Amino acid sequence: MSPSRRRRVRMAADGLLRRISDGLGEFYAAPYRRTLARAKRDQDDLFTMLVLSEALGVPNPASHYTLELLPVVYEEFHDWHRRMGMDRSPLDEVACC
Amino acid sequence: MPSHHQERVTPVNAVVLMFVGLAIILAGYFVYSRYLAKKVYRLSATHRTPAHEFKDGVDYIPTNKFVLWGHHFTSVAGAAPIVGPAVAIIWGWGPAFLWVTLGTVFFAGMHDLGALWASARNKGQSIGTLSGRYIGPRGRNLFLAIMFLLLVMVNAVFAVVISGLLVSQPSAVIPTWGAIVVALLIGQAIYKLRWNLAVVSIAGVVALYGLILLGDRFPIVLPETIMGLSASAFWIIVLFIYAGIASLMPVWMLLQPRDYINGLQLFIGLGLLYAAILLSAPTMVAPMINQNTPPDTPGIVPLLFVTIACGAISGFHGMVSSGTSSKQLDKETDARFVGYFGAVGEGLLALVTLLVVSAGFQTLADWEEVYHAFNEGGAGAFVAAGGTVLSNGLAIPESLSATVLATMAVLFAATTMDTSVRLQRYIISEIGELMGLKLKPLIATVLVLLFGLGLAFGADPSGEGGMIIWPLFGTTNQLLAALTLSIITVILVRKRRPFLPVLLPLMFVLVMSVSALVVQLGTFYGQGNWLLLGMGIVILIAAIWVIIEAAVTLNRVRNQPPEPEDEDVAVAAQAGADGR
Numbered sequence: 001m002s003p004s005r006r007r008r009v010r011m012a013a014d015g016l017l018r019r020i021s022d023g024l025g026e027f028y029a030a031p032y033r034r035t036l037a038r039a040k041r042d043q044d045d046l047f048t049m050l051v052l053s054e055a056l057g058v059p060n061p062a063s064h065y066t067l068e069l070l071p072v073v074y075e076e077f078h079d080w081h082r083r084m085g086m087d088r089s090p091l092d093e094v095a096c097c
Numbered sequence: 001m002p003s004h005h006q007e008r009v010t011p012v013n014a015v016v017l018m019f020v021g022l023a024i025i026l027a028g029y030f031v032y033s034r035y036l037a038k039k040v041y042r043l044s045a046t047h048r049t050p051a052h053e054f055k056d057g058v059d060y061i062p063t064n065k066f067v068l069w070g071h072h073f074t075s076v077a078g079a080a081p082i083v084g085p086a087v088a089i090i091w092g093w094g095p096a097f098l099w100v101t102l103g104t105v106f107f108a109g110m111h112d113l114g115a116l117w118a119s120a121r122n123k124g125q126s127i128g129t130l131s132g133r134y135i136g137p138r139g140r141n142l143f144l145a146i147m148f149l150l151l152v153m154v155n156a157v158f159a160v161v162i163s164g165l166l167v168s169q170p171s172a173v174i175p176t177w178g179a180i181v182v183a184l185l186i187g188q189a190i191y192k193l194r195w196n197l198a199v200v201s202i203a204g205v206v207a208l209y210g211l212i213l214l215g216d217r218f219p220i221v222l223p224e225t226i227m228g229l230s231a232s233a234f235w236i237i238v239l240f241i242y243a244g245i246a247s248l249m250p251v252w253m254l255l256q257p258r259d260y261i262n263g264l265q266l267f268i269g270l271g272l273l274y275a276a277i278l279l280s281a282p283t284m285v286a287p288m289i290n291q292n293t294p295p296d297t298p299g300i301v302p303l304l305f306v307t308i309a310c311g312a313i314s315g316f317h318g319m320v321s322s323g324t325s326s327k328q329l330d331k332e333t334d335a336r337f338v339g340y341f342g343a344v345g346e347g348l349l350a351l352v353t354l355l356v357v358s359a360g361f362q363t364l365a366d367w368e369e370v371y372h373a374f375n376e377g378g379a380g381a382f383v384a385a386g387g388t389v390l391s392n393g394l395a396i397p398e399s400l401s402a403t404v405l406a407t408m409a410v411l412f413a414a415t416t417m418d419t420s421v422r423l424q425r426y427i428i429s430e431i432g433e434l435m436g437l438k439l440k441p442l443i444a445t446v447l448v449l450l451f452g453l454g455l456a457f458g459a460d461p462s463g464e465g466g467m468i469i470w471p472l473f474g475t476t477n478q479l480l481a482a483l484t485l486s487i488i489t490v491i492l493v494r495k496r497r498p499f500l501p502v503l504l505p506l507m508f509v510l511v512m513s514v515s516a517l518v519v520q521l522g523t524f525y526g527q528g529n530w531l532l533l534g535m536g537i538v539i540l541i542a543a544i545w546v547i548i549e550a551a552v553t554l555n556r557v558r559n560q561p562p563e564p565e566d567e568d569v570a571v572a573a574q575a576g577a578d579g580r
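If you read the protein sequences in the order shown, they are chains A and B. Per the numbering used here, the first sequence starts with residue 1, numbered consecutively. Per the numbering used here, the second sequence starts with residue 1, numbered consecutively.
Bound-form chain B, shown alone (with noise of 0.2 Å):
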């Protein structure tokens, strides 16, 4: 594609982008969720949490607020954060680059920590019970729509992300499987022959490390069609035959160790992009807003923001907040560090994601090259470009630096994958007990592979093309987000507290989701994709359940006489007396 009618303007450095970023994102932790803090949700350090409350050691559990931080943050981080920008990017980095930063302030720290506030002022329920409780009945049947729609695109979008990167990244394919093999071992050696943590992390990292060295020497590509399939499609069904096998195996025997391996490898992977910027101060070789889009593109208003989700607001991080966290929180207080500081954390792999993506290409021509048609960069890209990036910060060769980011972005898509089909799985049970039917594991699992098969190859039949959900994924994501935003007005307006905060990003974020969801449902109708097509349609109509039942309920309490500012506590322990 010709780039010299781009327009060029002085090419800014990353690192200045860097630390401008930082600088929002850490003031919106000291300063815009203290204020949160304060005024809209009012912490109160003497506030008895459900920790407290209903410790019983295996749900409700006091815990530390940097170890709870710890495992919220690499609960709700994952592929996400990084797909998305990678593919936004093609807008060009400026309205990427805002949408993280001050979505990460105004949107996904002020969700978070809303819902972590919310659910432990409710002992510890989840949003789905909140949904059933402040909307309504049909509430808690709305929540288990969305969920069953988010996962079943989770489960497909993320076996398309890994297969990708499996065929376009052939040397990432040993470490990958190898990595379970660590994991399995890993948790061999704790549970069965009791051996130091430390000792076995290191071991495990090292072990990884090798295998990554390894894999680089002999990258595997599969030959173009195996068994009749693509070499994509092989890779989708493995993946989920894995993920299911996985999901039913007991949790300390591989998901367990495998999510702490990929925790470490998150912090060190954050440390590595960061630093490998800092020391090789690349300039930003993408346009700040391109002009020079591919024809295929969809405007950026609104797709950027549901190409973006995670990163900037994920209904996904109020599941974590509401179904774990807030049973654990020590202080009522801890939850700003908790949940805000843990939307910093996921900005901050955004932030670095999108730094990496436009100045890891030495031409804008090489760029635009990546960036030919929509959706074509993501982890791809972020692989590439990171790789380069690595290698001129950390003097680290630039195939390895490639391999080890994949095996990274392998890594947390198939984690995040691994706990959603688990959680799909339950997901169905409890449809299946809404209809009467008792559904076995194995049988709800083979439900869920099937669902999310059908999804990933219905989208493309190739297997390649599935990136294509990936804004129907946002879209979904931001729903849920919405969702859990309503229950989050409507309760302060019970208590008559500001509100604004929360409404207005609630209603940006609608608006935003709702009109993405259009323009996509015009474009699988073009394509004469009736799968999708379908599907927007039911997530539509789900939309616009979610706008009636919010305004319908806002409009109930608004004319309702404020609640005791105590109410919610004395209904929790009324709650709590007539059974947990």
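One chain only, chain A, in its complex shape (with noise of 0.2 Å):
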């Protein structure tokens, strides 16, 4: 076998072997990638409120440093405020919709 056929089965193969490796783990991950996607959401959820408690008119002996942490969960409030079942912003000074 010449040693471009020979590199041209190897790179067959091994495309082969990813497209079977790549399929074994969407086989593994996707039945419970929900499950395990909702409890990390459930998670984020609770971070967002206690980052969130001090605006939202609950004293929190931690703002000092949770205040600090409002940038990082201001890019997911509107999604946050609708799962929690408000269809409108509760703050005013959060005007997402």
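The set of hints was computed from the structure by calculation and includes no laboratory data. Just so you know, these numbers come straight off a predicted model, no measurement behind them. Each hint should be verified, as a subset may be incorrect.
Which residues of chain B face chain A? A partial, calculated answer using Cβ under 8 Å [unchecked claim]:
#	residue
1	S75
2	S201
3	G263
4	V301
Note that CB positions come from ideal geometry on N, CA and C, so glycine has one too.
Quick one: dock chain against chain with the hints and give me the complex.
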């Protein structure tokens, strides 16, 4: 077998292996992706609530630290308040919708 | 039992039946499902599926259709398409063969595809929510009630199946419990050590088969009584405790790797069994129509149609179709492959079981000895007969073959039980919420276990006769399917589309399951089994409720102006804008 042909065969075999490996990965991850992502989202929601607690009128002894984290949750704020059952933004100063 | 007055006809070769069965089922996929997709459900490649519409990386993810089929199929196929045909063969292989093949084509495939389509056209909502929308507020409660009954029975009956296998096939004890350790190690290897999945998969399968070899060498036979309990009763209690713990553990630790290994097993097992039948070409020892059924056997009509539920039509599939798969459809046209071919996969498992339990015996007398009473075959017969087929076809020693199949059947049943204990916990929490109670996961799990144990031991205090619930489980499963089919019919009627391909199977399923229920109520009354009689009456009430709701709703929508073709899309978009 010529070297170029050998290289082609090896590349094809590598491609096939990668496809099988990707397929297996999906087969492993897909059925539980939802459960795991939901668990993560629940934790993130709790975190967002803690960070926003002062703004929502709940005294938070750690607000000195959580204030710094506001920009982190800002991006997700709109999705968060809708998930929490509030159609419109509950905060006057954050006008996301 | 004397076998000489069984009428002998020329025995049929199992390979011939295998090809006939495959041809019917595949024709269903290539011809009938195409008709359904074009004329009835009118799948459209340009329709934006919920996976794209509400893409969030959590619930709604467009997924490759082969991968989606893979986990749709492994979620719906379990021990039930094995146990059902292995019991129903008592009436002879002919009726069961017809019900499995034609059922897969005209019932299961149509139902699974329809549930997937109905949900995908309604922003991926579950059948429970859809019954609220199309049938009315009572529809949702009806759905909860049927789900509750179904899951209680799943838990009880699968615990009984596994315990029966662990007693009849003691070589499966080590691999059964060892598989849990293997799954735990796989979970750690993937999430903590970040090993390559292909390597872990091979290691996992090798470890599992190593355990099977070990189990075959060292069978574990429990003493007749342990702590005052029979061996069966002991295993049932241990299984429930395990399922409770497993359902409370983080899913990545145990359930995810366990499902994965079992999914691989399902493909390996199907491949092994079909290859063994093809290579050994056994003849069908069982009669085509059994003229010599044991005296306690109930009439074939209607009982056959509830004894084989999974493998011919199963309402549980609608849960999977509408709960998860519909939210991951990349294109609406993929539904035909994922939904219909998912049912085909399960039909193939039921078909091979049927062949194995008919052809895996030396003589008709051997077969009749195993099938000496109704409900006596089941998983045990599948393991014994399948062991013979595997050993003849693939030259694997007979006892090892039986251990392989017993382990496989146990693992399928155990995964079903794990999932259903978890699902039942959510259902109980939801029922609790309706009653204004907030139940903690632990409390809800304990309730699940108490209901399951209550039914398993209520059916038979020794824990051995729990298979009596099997037809009742099939009946409830069919009722759930009937509820889903009524929703699909309502949608089709509103759109003024051909609805007979759904309505006729719906009526058939309802008539069969209700009459089977009446027969069983008579049996339970005769035996003085008040628990099962009470449960049967509750199911009968639910069934009548389904019929009334479906009839009322159908009558109502018949007189309404037709629904514009894209109304569901508009409603879905509106509901989407209102917040998910």
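Right, here's what the structure says about each hint:
no.	hint	verdict
1	S75	holds (7 Å)
2	S201	holds (6 Å)
3	G263	holds (7 Å)
4	V301	violated (38 Å)
The structure is inconsistent with hint 4 alone, although it conforms to all the rest.
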